[in-house]
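Trainee: Chain by chain, the residues run as shown.
There are 2 protein chains.
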Amino acid sequence: MIEYERFLSQSALKSQGSAIRKMGVMAIRPDMISFAPGYPDPVTFAWAEFREIANELLAGGQGSVLQYGPTRGHKPFIEALVELLASRGITATADQVLITTGSQQGLDLAGRVLLDPGDVVLVELPAYTGAISAFRNTEARLAGVRQAPDGIDLDDLRAVVARERAAGHRVRFLYLVPNFQNPTGLLLSREKRRLLLEWAERDDLLIVEDDPYGALYFEDTATGEDTRPIKADDTEGRVIYLSSFSKTLAPGFRVAWITAPEPLIAKLEVLKQTEDLLTPSLDQHIVYEAYRRGILTERLPMLRKFYQDKRTTMQRTLREELGDLVAWPEPKGGFFLWVSLPVRFATDEMLPRAIEERVIYVAGSAFFVDGSGRNTMRLSFSLPSHDRIVEGVRRLAKVVKAEIAGHPAPVEI
Amino acid sequence: MIEYERFLSQSALKSQGSAIRKMGVMAIRPDMISFAPGYPDPVTFAWAEFREIANELLAGGQGSVLQYGPTRGHKPFIEALVELLASRGITATADQVLITTGSQQGLDLAGRVLLDPGDVVLVELPAYTGAISAFRNTEARLAGVRQAPDGIDLDDLRAVVARERAAGHRVRFLYLVPNFQNPTGLLLSREKRRLLLEWAERDDLLIVEDDPYGALYFEDTATGEDTRPIKADDTEGRVIYLSSFSKTLAPGFRVAWITAPEPLIAKLEVLKQTEDLLTPSLDQHIVYEAYRRGILTERLPMLRKFYQDKRTTMQRTLREELGDLVAWPEPKGGFFLWVSLPVRFATDEMLPRAIEERVIYVAGSAFFVDGSGRNTMRLSFSLPSHDRIVEGVRRLAKVVKAEIAGHPAPVEI
Chain A
4 MIEYERFLSQ SALKSQGSAI RKMGVMAIRP DMISFAPGYP DPVTFAWAEF REIANELLAG
64 GQGSVLQYGP TRGHKPFIEA LVELLASRGI TATADQVLIT TGSQQGLDLA GRVLLDPGDV
124 VLVELPAYTG AISAFRNTEA RLAGVRQAPD GIDLDDLRAV VARERAAGHR VRFLYLVPNF
184 QNPTGLLLSR EKRRLLLEWA ERDDLLIVED DPYGALYFED TATGEDTRPI KADDTEGRVI
244 YLSSFSKTLA PGFRVAWITA PEPLIAKLEV LKQTEDLLTP SLDQHIVYEA YRRGILTERL
304 PMLRKFYQDK RTTMQRTLRE ELGDLVAWPE PKGGFFLWVS LPVRFATDEM LPRAIEERVI
364 YVAGSAFFVD GSGRNTMRLS FSLPSHDRIV EGVRRLAKVV KAEIAGHPAP VEI
Chain B
4 MIEYERFLSQ SALKSQGSAI RKMGVMAIRP DMISFAPGYP DPVTFAWAEF REIANELLAG
64 GQGSVLQYGP TRGHKPFIEA LVELLASRGI TATADQVLIT TGSQQGLDLA GRVLLDPGDV
124 VLVELPAYTG AISAFRNTEA RLAGVRQAPD GIDLDDLRAV VARERAAGHR VRFLYLVPNF
184 QNPTGLLLSR EKRRLLLEWA ERDDLLIVED DPYGALYFED TATGEDTRPI KADDTEGRVI
244 YLSSFSKTLA PGFRVAWITA PEPLIAKLEV LKQTEDLLTP SLDQHIVYEA YRRGILTERL
304 PMLRKFYQDK RTTMQRTLRE ELGDLVAWPE PKGGFFLWVS LPVRFATDEM LPRAIEERVI
364 YVAGSAFFVD GSGRNTMRLS FSLPSHDRIV EGVRRLAKVV KAEIAGHPAP VEI
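Protein chains in written order, with my numbering: chain A, 4 to 416; chain B, 4 to 416.
Fair warning: there could be bad hints in the mix.
Identical chains blur together in the list; that is why a pair holds if it fits in one copy or across any two.
In silico SDA-like cross-links for lysine to any residue, where the CA-CA straight-line distance does not exceed 20 Å [stated by the list, open to error]: (1) 195 x 405; (2) 17 x 264; (3) 17 x 120; (4) 17 x 7; (5) 17 x 265; (6) 78 x 348; (7) 17 x 122; (8) 404 x 323; (9) 308 x 222; (10) 78 x 32; (11) 17 x 142; (12) 195 x 97; (13) 17 x 121; (14) 195 x 206; (15) 17 x 269; (16) 401 x 316; (17) 195 x 352; (18) 308 x 221; (19) 195 x 156; (20) 17 x 266; (21) 78 x 20; (22) 401 x 355; (23) 17 x 273; (24) 195 x 319.
Simulated from the structure, these hints should not be mistaken for laboratory data. Only a predicted model underlies this, so the values are computations on that prediction, with no experimental measurement involved.
Just chain A, same shape as in the assembly:
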C-alpha cells in the first residue's frame, strides 16, 4: 500500500480524534458503567409520538418529506423556530435562522466562516471538545479564559484579549456555553451575561453562544429566567446563537439551528451547501411536527425532573462515597458533573484503573486548551439508570480512594 501522509492537508496531518468519542466506543463493552458520553436517556424519547408522526409523514402525500429541500431548512419549521426563539426572549426573523445537522455542524460552519489561520478564538477553561476541534481545524489559535463559579472570569477575559492583541494576533470571537456548560455544568450569572454584551461591543468582537442545555434547568436550584440567552439582549447583532433538539427530543435526528444576523446566516448557508446541501428532510419534518404538536413543550417539565433526579443520585452517592476527598460545583441543569481531585492527581493516568473497575469518565485535560486541568474529570449522569449511577460512583470511589491513599493498584475497602 502507498504512503498517504504526503497526500494530506496540513490540518488533516494535525487532526486527532475526540477523547469523548473514543470513550463512547469503549462504553459498548459489557458491564462497563459509562459516565463518559453526554447522551440523553432514550427512555425519555417520545417514541410513540415519533412513530405516529413518521407514520403520517411517510404516507406519501408530501414528496418534500424525502426529497432535497432548501439549504436554510424546511420553511414552516423555520417559522416555528422563530416562535420558539421568542419564548426564550430572542427576537429573530426567518432570515436569521439556519437549520444545521446538529449544533456540531453549526460550530464547524461558524469556525470556517469566521476564522483564518492564526486568528484567535477565546474559549472557556475548560470548553466543549467538539468546539475546540472545529475551531482548530481552521488553524486558528485557541486562547483559554478562566471560569469562576458564576461562569467566565471577565477580568481574565479582558487580560487575554489584551495579551493576544499585544502579540499582534487578530481576536475574532468568544465561544461559550452559558447554560450548564459542557463540561463543568456551570451556569453563567445574569449580571455577567449583560457585562459580556458590553464587553463585546467595547472590544468589537462577536460571541458564539452555544445553548443545547438551557431548557433543562433543575427547578430545585434554577429558573427559566436564569437561562435567558445572551442573544436575547443583543441589540447590536454581535451574538451567533446555536441551539438544538438533541438533548430534549433525540440526538439521532441531528436537528439543530443557528440564529445570527442575516449577513452571517447567508455566509453560513453557502458553506452548509457544500457541507451537506441540507439537513435530512425526514428528520426536519419529524422534529417540526413534534414541536408544532406541543410534544416538546409538554415534556420539558418531565425532562427537567428526570435529569435533576439523576443529578441528585450522583451527587448524593459521591458525597456518601468520597465525602470531602473530591469537590464539584452543583449542576443546576444539563447533563454534567465536574469533579476535581486534589491537584497532585492526574485523571488521565487514573483512567486505566477505572476501566479495570469497569467504570469510565472523560479525563478533564481534554477540555483545556492550555494543557491544565489534569486533576479534573467530567461525569455525565444523563444516560445511566439510578442503580448504575450508584454502582458506577462506588466503583469510581474505590479507584479515587486508592489513588488518594497512594496505592496505585485498586484495593478492597
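Following the hints, complete the assembly by docking chain B onto the known chain A.
Mentor: Same frame as chain A, now just chain B:
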C-alpha cells in the same frame, strides 16, 4: 447593524451560492417547468416500505435508532455496504468505509483532508458544481480537463498535469464522475478507466471517483458492466470512491458513503466528527433496513426503466422541436441531458427569456472552472412527468428558436 465583512474568513469572503440551488428555489413558482435541479421523482420512493420500517424502528425497543452513534456509521449498515460494494466489483473491508451525510459531505471531507491552499485539483470540463464549491472552499486551484464523448480526454489530462507542475503547483487528485456524469450524462469507457489507474500510478496522484448514478444505467444502451467503478480495479489504493442512496432510495435521508484506504478513512472520520458527529441515526437505520430487506435491489430494474423512459421522452421531443439546431450526447443512464447550442449563443443570457416562457434549466457555464461552455445547458429529465417534459421542451424550443433566428424576444412559431 454592524458591518460583518471584517469578521469573515478569506474563504467566506469569496464564497458564492450554487447556481443549481438557486434554480431549485425558483422552481417553486407556480406553472414553472423545471429542468434545473437533479431531483429524483418522489413517485419512485418506496413510501409504503419506508413507513413499515419506520413503524418497526420507532417501536422503542432499540435506543440506538434515535441516539448518538459511532462517527463511522451504524456497524451492521457498514457490513451491508461491504456486501453492496462487492456486488459492484469492489473489495473493501469495514475499516475502509465511512458513512457520510450525503455524498456532498464526502466531497467536502475529501477536499479538506487532501487540499491545502494553492494545491491543484483536476476536474472535468464541465464538472459537478457541488464538488467545485467544496474544493474551492479550501482555496485550492481547480484545473479543468476536457472531455470526449467517451469521457475525460487523457491527452489533455497529461498536458494539464505537466503544465501545473511546470508552474510549480502541487497537483493532488483528479475528481470525476465516470457514470452518467453530472452535468453531461457521459459514460467513461472501460478502456479509459483502466488507463486512468495506470496514469494515477505513473503520475503518483489520487482519484476521487464520485458514483451516485452508476446503478441507474439504461438497458437500451448500457449494461451493468459498463458502470464498473474504477475503484474495482484499484490494486494500489489510489481511488477514493463515493456513492449514495440519494438517487435510488431517496435524497431526504442524506445517506451516502466513502470507500477509501483505511489511513484516509481514519482522517476523514476525524474531520466528520467535527462536521456533524454522525449521519442521522434514524436515516441510517431506515436505509440499512431497506437495503437488508432487498427493497433497493428489487426496485432497480423499475428505476432504470422509469428514468430511461423519461430520457426517451425528452430526447424525442427535443428532436421533434429542435431537429439539428441543438446537439447532445445520448444519456445512457442517470438524470441529465446536456445540450449544446451553436457556440455564438449564451445560455445564461437566454435564461430570463426561458423564465418568461415558464421553463428553466441550469446554464452550462456554472459547471466550467475555466469560464467556457456558455453555449451549453443542463436539462434534468428525472423529476418532471412525461407531459411536463414534453410541454417544457416545447417552451424551451420556442426560446431557442427565437434566439437562433436572431429575435431576442420570444415569437409565436
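Trainee: Look at each hint and say if it fits the structure.
Mentor: Here is how each hint holds up against the structure:
no.	hint	in the structure
1	195 x 405	neither (40 Å within a copy, 66 Å between copies)
2	17 x 264	between (33 Å within a copy, 19 Å between copies)
3	17 x 120	both (13 Å within a copy, 16 Å between copies)
4	17 x 7	within (14 Å within a copy, 30 Å between copies)
5	17 x 265	between (33 Å within a copy, 17 Å between copies)
6	78 x 348	neither (52 Å within a copy, 37 Å between copies)
7	17 x 122	both (17 Å within a copy, 18 Å between copies)
8	404 x 323	within (13 Å within a copy, 86 Å between copies)
9	308 x 222	within (8 Å within a copy, 60 Å between copies)
10	78 x 32	between (42 Å within a copy, 15 Å between copies)
11	17 x 142	both (9 Å within a copy, 19 Å between copies)
12	195 x 97	neither (29 Å within a copy, 49 Å between copies)
13	17 x 121	both (15 Å within a copy, 19 Å between copies)
14	195 x 206	within (16 Å within a copy, 59 Å between copies)
15	17 x 269	between (30 Å within a copy, 13 Å between copies)
16	401 x 316	within (18 Å within a copy, 74 Å between copies)
17	195 x 352	neither (36 Å within a copy, 55 Å between copies)
18	308 x 221	within (7 Å within a copy, 58 Å between copies)
19	195 x 156	within (9 Å within a copy, 63 Å between copies)
20	17 x 266	between (32 Å within a copy, 14 Å between copies)
21	78 x 20	between (35 Å within a copy, 19 Å between copies)
22	401 x 355	within (13 Å within a copy, 74 Å between copies)
23	17 x 273	between (26 Å within a copy, 11 Å between copies)
24	195 x 319	neither (30 Å within a copy, 69 Å between copies)
Hint check: violations occur at hints 1, 6, 12, 17, 24; the rest are consistent with the structure.
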